[in-house]
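Sequences listed follow chains A and B, in order. Just so we're aligned, residue 1 is where the first sequence starts under UniProt numbering, counting upward by one. Just so we're aligned, residue 1 is where the second sequence starts under UniProt numbering, counting upward by one.
Any given hint could turn out to be false.
Unchecked claim - Derived BS3-like pairs (lysine-lysine); straight-line CA-CA distance at most 27 Å:
1. B:K317 <-> A:K11
2. B:K261 <-> B:K317
3. B:K46 <-> B:K104
4. B:K73 <-> A:K116
5. B:K276 <-> B:K320
6. A:K11 <-> B:K276
7. A:K86 <-> B:K317
8. B:K129 <-> B:K57
9. B:K268 <-> B:K317
10. B:K129 <-> B:K219
11. B:K250 <-> B:K317
12. B:K261 <-> B:K73
What the hints contain is simulated information worked out from the structure, not anything from laboratory work.
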Amino acid sequence: MASSSSSPPAKRYLEFQDSTHSAHWLLSPAEVAEADMRHSFSADPVDVFKAKLLYTQYLTALGRRARVRQRAVATAIVYFRRFYYKYSFLEHDPLLIAPTALWVASKVEECSMQAKMLVGHLAHLDMENSYQVHHLLDAEFHLIEALRFDLVVYQPYLPLTEYLAHPALCEIIEASSHENFRQTAWFLLNDCFRTDLVLCHPPHTIAQACIHMAGTLLGLPSSKWLYRIDIDTQQVEEVTMTLVRMYDYCSTMADRELQEVHAELTSIQWGARRPPRRAN
Amino acid sequence: MKRASEAQLPPRPPPPLPSSPREPSAPSAAPATPGVIGQHYDVLSKVGEGTYGSVYKAIDRRDLSEVAIKRMKNTREGEGISHTAYREIALVRELRHPNVVSLKEIFLVGRELNLVFEFVAGDLAERIKQLRETHATFAPQTIRHVMRQLLDGLGYLHRSWIMHRDIKPSNILMSVDSHVKIADFGLARIFRSPLRALHHDGPVVTVWYRAPELLLGSKQYTSAVDVWACGCIMAEMMLTRALFTGSEAKGNELQQDQLVKVFRVLGKPRPDEWPKLTELPHWPQVSQWSSQGYADLLAQRLNGAQPSPEALSLLRKLLKYDPDTRLTTDQALQDSYFVGSDAHADAGGVVAPSAGASGR
């Protein structure tokens, strides 16, 4: 039934270029901005940035509490951001979608936890959140359908690890700075998840930008090495600028502002879907 | 056997059941064969059933193509979509290779996941059984054709950092013209930087095809477990019966019977040919067994099948005890067994009538 004569030669292995991540989920910043406008709960586009940042922090905190590995948390953040690219914050309660994303990510990344346990952690983290196991069970189907069942996410951690271990890069940077350089790059990488960069750029580009920016911040010549490998300079520049803008923005933003967005989000009526608040 | 029936298409599909009125996703009741699944599929028959759910043969109304729909049951109450289902969904969604089963789409009906695959009319287990029952054998070039495709598909998986972990004849789909496709990814795992050690997944691979390092309790096994299973399959095609047919011990017990069956054909492994043997959890116990009755009798066992020297030599290298020296899929495909042969001619090979020596 498969006529092998007409089909192209078989691929040697699965590459990022052939993945669902690459085919369906590399969005342009303009597409994301447009979706943000459409799905926003507020007239100010910055509020959507804040909401996503808030829930990135929420997912990180929940992941730490539930002892879920960092990579699964990263995958959950990507699921969450993909979901709210498709759907509006007004339609679906992020307090339900965030834990559901973490739960699904933990199963996909082979470090699953029981829904019961996760629900227990929810209550500790946020009095506001009184979703129960059966809510998660419903939301799970909804989430994976919104994700088009594309569950494998290519994370920038692996390319960054590989770059950092590259002998030519290690040579360019003096040994005494290695550790500092490594930590800075990792730090920057973790912060990429505070933005929609993970929706717009392939993982290796994000890792390259972290190498570039770590060098710039520490005054080390890591970029010299970058230009020797095959990189998309324009995209690396774009990632770097987005990160810089995010840091600028966050440095002037008061904690209070995130709280305000939180209050605004929690005041949205999600119909009968959200269960009543827990009694204290 | 454990997990025997995932995605397998048994020899004679039951006759199509009368199409019952469209069945909504009623979970607990015994599921009847639905007449329609989703918006586009007319069900012809149920072709498989297992703990995971059921497989239906259906027609896609849009282009009248035949498909196999794997309908997943919700397994554990309160845990939603199972681990196994996630493994399968996540991986088959990404994979694209002529020797790996291809997924057409996934959709939900209520809370039931439906995975739509291209339909392949049979599988290797069924083909082997058919030949055995008619006292026929595979033509040598058919064996080579199947092995080449199997190793090709598996090589693609391994190079993509995926271990299948359930290679066995019923998971090797095979069309009438012997085109091979690897199916059932419910036990498959990405092994590049795993977040959780592999041995936490519990026993893998159906016991007859389970590599010796797994039988001896290895915690850090590799993709070489899939290659061992390929060796078992190659011998099984020659013999038209399975090579190592141990009965499975329950739970985490030592798979003594399976080990005995392996030792009787390949002899007892020795630390000088497999250095890490002494580190394996069950070795202290197994090393106490008498060596009596265990000798390398592989050539004798295959005598009736009259394998060529190249075939026998490759088989030995696929069934190497030491996983570190067992061939990789790439090395196997470079073996003289394949290199000297004409892949196109093999593809045209058909099942030869019995040469009279198919017994035992």
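Going down the list of hints, with the structure as the test:
no.: 1; hint: B:K317 <-> A:K11; result: holds (26 Å)
no.: 2; hint: B:K261 <-> B:K317; result: holds (19 Å)
no.: 3; hint: B:K46 <-> B:K104; result: holds (19 Å)
no.: 4; hint: B:K73 <-> A:K116; result: holds (21 Å)
no.: 5; hint: B:K276 <-> B:K320; result: holds (13 Å)
no.: 6; hint: A:K11 <-> B:K276; result: violated (34 Å)
no.: 7; hint: A:K86 <-> B:K317; result: violated (51 Å)
no.: 8; hint: B:K129 <-> B:K57; result: holds (21 Å)
no.: 9; hint: B:K268 <-> B:K317; result: holds (16 Å)
no.: 10; hint: B:K129 <-> B:K219; result: violated (34 Å)
no.: 11; hint: B:K250 <-> B:K317; result: violated (30 Å)
no.: 12; hint: B:K261 <-> B:K73; result: violated (36 Å)
Hint compliance for this structure: hints 6, 7, 10, 11 and 12 are broken, all remaining hints hold.
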